[in-house]
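Please build the complete structure, drawing on both the sequences and the hints.
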Amino acid sequence: MSKSQDTVPALRRAVRILDLVKDSSKPPLAADVARQLDLPRSTVHGLLAVMQELGLLEKTATQGYRLGTRLLDWAGDVTEKRDLVTEFYHVLETRSDLESFTVTLTMLEGAEVVYVACRNSATVLGASFRVGMRLPAIFTATGNAILAGMDDASFREWLALHPVTTWPQPLTPNGICSVTTLVREIGEIKERGYAVDDEQVHDGLWCFGAAVKDHSGRAMAGIGISLPQTELGRYSVERLGAVASRLAEAVSFRLGYRAG
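Numbering (full-length UniProt numbering), first residue to last: 1 to 260.
Be careful, since some hints might not be right.
[As the list claims (entries may be wrong)] The following label-pair restraints were derived from C-beta to C-beta distances:
1. Thr43 to Leu161: 34 to 40 Å
2. Arg119 to Val164: 32 to 38 Å
3. Arg130 to Arg41: 44 to 50 Å
[As the list claims (entries may be wrong)] With a Cα cut of at most 20 Å, we get these calculated EDC-like pairs of lysine to aspartate or glutamate:
4. Lys59 to Asp83
5. Lys22 to Glu53
6. Lys59 to Asp19
7. Lys190 to Glu157
8. Lys22 to Glu58
9. Lys190 to Glu238
10. Lys190 to Asp203
11. Lys26 to Glu58
12. Lys22 to Asp38
13. Lys59 to Asp23
14. Lys190 to Glu249
15. Lys190 to Asp214
Hints are computed from structural coordinates only; laboratory data are not their basis. Built from N, CA and C at the ideal position, the CB exists for glycine as well.
Printed below as a string of structure tokens:
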């Protein structure tokens, strides 16, 4: 093994332990783990104690070990994202009327949105979107749509965790730069059902966003349709907002959400 491969031996041993526990027909004891992986018992006991503390393993009544619930949380999050992206592309395949728009899907992570899916149009936007890209949530239509989808208590908690003193500088002169403006904007989004990025991310680029909801009604993501400002004359703002809203509703429906 090369030096670079052996910089974190404890992590490698922990993964080997997880694999062993997963593949075992019954919960292995600490002695079983040490014997099967050919590791010192003291090392195994130390690793098992920490992995149990972190929720990666659980001890059974027979003193054996099984996979912990924290792994299930991680697996559920990965599955949720995969299902979301799959349903996003499924809906897009049925919507040929959206080919002139760049359509994006984002999720909120802290004060940013991360782009988890994207279909760019042939129209030149002056900006490009790609999976993995991050932008400040408060400047994006999808980010504000997700924030507007929160209940009041959750939104207040988000504001407390991300005070205005930590906000980034606006990307354009149109960028939101005060809590008062953001709160007013969130209220307007709740009223009309969609968010508008009027050149807050990039000069000459407009985006209309709506929240995607999971089966419980939680706003889990935001869908946005983007177009150049020069193309706005072909549509009304209300029509573009309605397109974004219907797209988000279609994905939400496939994720199990049913409006009451």
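Hint check results:
no. : hint                         : verdict
1   : Thr43 to Leu161: 34 to 40 Å  : holds (39 Å)
2   : Arg119 to Val164: 32 to 38 Å : holds (34 Å)
3   : Arg130 to Arg41: 44 to 50 Å  : holds (49 Å)
4   : Lys59 to Asp83               : violated (32 Å)
5   : Lys22 to Glu53               : holds (18 Å)
6   : Lys59 to Asp19               : holds (16 Å)
7   : Lys190 to Glu157             : holds (18 Å)
8   : Lys22 to Glu58               : holds (12 Å)
9   : Lys190 to Glu238             : holds (14 Å)
10  : Lys190 to Asp203             : violated (25 Å)
11  : Lys26 to Glu58               : holds (13 Å)
12  : Lys22 to Asp38               : holds (18 Å)
13  : Lys59 to Asp23               : holds (16 Å)
14  : Lys190 to Glu249             : holds (15 Å)
15  : Lys190 to Asp214             : holds (18 Å)
In this structure, the earlier hints numbered 4 and 10 are contradicted, and the remaining ones agree with it.
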